[in-house]
Amino acid sequence: MSATTPPSQAGYFHRLDAIRGAAILGVVLYHIFRAATGLKSHEWEQINSGGPWWQSIPSSILGRLISMGSLGVPVFFVLSGFLIHYTFSRSSDQRVSMFWFRRWGRIYPAYFVALVTFALWEGTFYTARGRTDFWTHLFLVHSFHDRTLYGINGSFWSLAHESHFYLLYPLLLYFRNKVGMLPLLLGSLIVRLAIGGWFLIVPGQFATDPATIVMLPRLYFEWILGMYVADCFVRGKRALPWGWVAGALCLVYAYFAYRTAWWDLGVVPATAMATAIWIDQVVHKGSRDPSRLERVLIPLGAISYSVYLWHQPIVNHLSQHIMQSSPAIRTIGIAGAIALALFLSCLASIVVGAGAYQLFEAPATDWVRKWAKRFQPATVSVARDAVSARAGIRVDAANSERFAPPAGRNERQSDVARIDRGPTDRS
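Position 144 of the sequence shown, counted from 1, bears residue number 201 in the numbering used here, the numbering being contiguous throughout.
For the record, the hints were derived by calculation from the structure and aren't laboratory data.
Keep in mind the model is a prediction, meaning the values are calculated, not measured.
One should not assume that every hint holds.
Derived CB-CB ranges, DEER-like [said to hold, decoys possible]:
(1) ALA396 <-> ARG295: 38 to 44 Å
(2) ALA251 <-> LEU177: 40 to 46 Å
(3) VAL353 <-> PRO298: 25 to 31 Å
(4) VAL408 <-> PHE232: 21 to 27 Å
(5) PHE432 <-> ILE118: 49 to 55 Å
(6) GLY390 <-> TYR183: 36 to 42 Å
(7) GLN377 <-> VAL173: 20 to 26 Å
(8) LEU306 <-> TRP157: 34 to 40 Å
(9) ILE118 <-> VAL353: 17 to 23 Å
(10) LEU306 <-> SER154: 40 to 46 Å
(11) ARG345 <-> GLY211: 33 to 39 Å
(12) PHE169 <-> TYR207: 17 to 23 Å
Every residue, glycine too, gets a C-beta built ideally from N, C-alpha and C.
Take these sequences, add in the hints, and give me the full structure.
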């Protein structure tokens, strides 16, 4: 695409919402099945093991696939690293303060509403333990201790780590400019594998260690992997030019290694690599129209954050209510009740998530975008307008979730020169 060619009206970056949609659907189904069966995920494959071995194959495969829905969270982290680094690299306003403000506005208002709602629902304020949970969640420091990590709403654990990524992102930019993106990625992989190896040597130690020490260095590999793909894309290079076959092989490995001790040493890195390959394929495919499956997943991906915030307490209560209903069990059996719980809980999560997106997430994002524009220096506005005029697109420094397609070669070189000077040099 040349610098003067206007992009497709649809914008193929929206196809990344399909990845979000697949990830959130997997996470929701995983939590529903766990709440409905009351079983640990490694027991799901044995639900029908009382009959002949061949009868248990379908349930074994289905149980394995649903249990792998928990891998949706690493997928989100890879996506987050890509989207945030790509947006920041192309932004005309690269002030760290504005970056933090925009990210706060993107995740915190919607999170705050969900936090207060579930804290009241669960009666969190009536006990000292509950009040501790609330205050640590309010300041997003509940990942500092395993006793508060999964309090109030189990899905909130990842929001603490996401906010810590944002705080440390300028430091990552510093090292990226000093040593390069690839050494930074390899260093994060070494750290993840070292911690994973330590888990194998000292089993059970994870539960008694502060999560911020153990989990954050592990999860940084997924985030930096997304950054690496974005960094190469801004420079006009392919990060992982191996094609869909390599990504499929990574997922096949993750499927067969899922029940082994190689979770941190293989399963999560393989899933993260498959996600990065998927992203790299999507962003380099030009303006190809979304497939039928992508058209189904894109709307779900657009509301995925709100669905993630609200789904787990809802599916826990609804699924358990269905499974504890004697008339339902007598009428449709246990398998039918599980299927009903999956359908109704998934539907309720999507409906509530869509409502929360319209009521809280979207208005908060618009409000932050408007305030970010008000505090932009005049030089930033002029530079942004110049970029927009050259590329024939609208570049919104405050919008961190919707993107224009990549610019032509000249503008890419300008972007690279700008980010090579580092985030503190805006001359």
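Comparing the hints with the structure gives:
{"no.": "1", "hint": "ALA396 <-> ARG295: 38 to 44 Å", "result": "holds (43 Å)"}
{"no.": "2", "hint": "ALA251 <-> LEU177: 40 to 46 Å", "result": "holds (42 Å)"}
{"no.": "3", "hint": "VAL353 <-> PRO298: 25 to 31 Å", "result": "holds (28 Å)"}
{"no.": "4", "hint": "VAL408 <-> PHE232: 21 to 27 Å", "result": "violated (43 Å)"}
{"no.": "5", "hint": "PHE432 <-> ILE118: 49 to 55 Å", "result": "holds (53 Å)"}
{"no.": "6", "hint": "GLY390 <-> TYR183: 36 to 42 Å", "result": "holds (39 Å)"}
{"no.": "7", "hint": "GLN377 <-> VAL173: 20 to 26 Å", "result": "holds (23 Å)"}
{"no.": "8", "hint": "LEU306 <-> TRP157: 34 to 40 Å", "result": "holds (38 Å)"}
{"no.": "9", "hint": "ILE118 <-> VAL353: 17 to 23 Å", "result": "holds (22 Å)"}
{"no.": "10", "hint": "LEU306 <-> SER154: 40 to 46 Å", "result": "holds (43 Å)"}
{"no.": "11", "hint": "ARG345 <-> GLY211: 33 to 39 Å", "result": "holds (38 Å)"}
{"no.": "12", "hint": "PHE169 <-> TYR207: 17 to 23 Å", "result": "holds (19 Å)"}
The structure fails hint 4 only (numbered hints given earlier).
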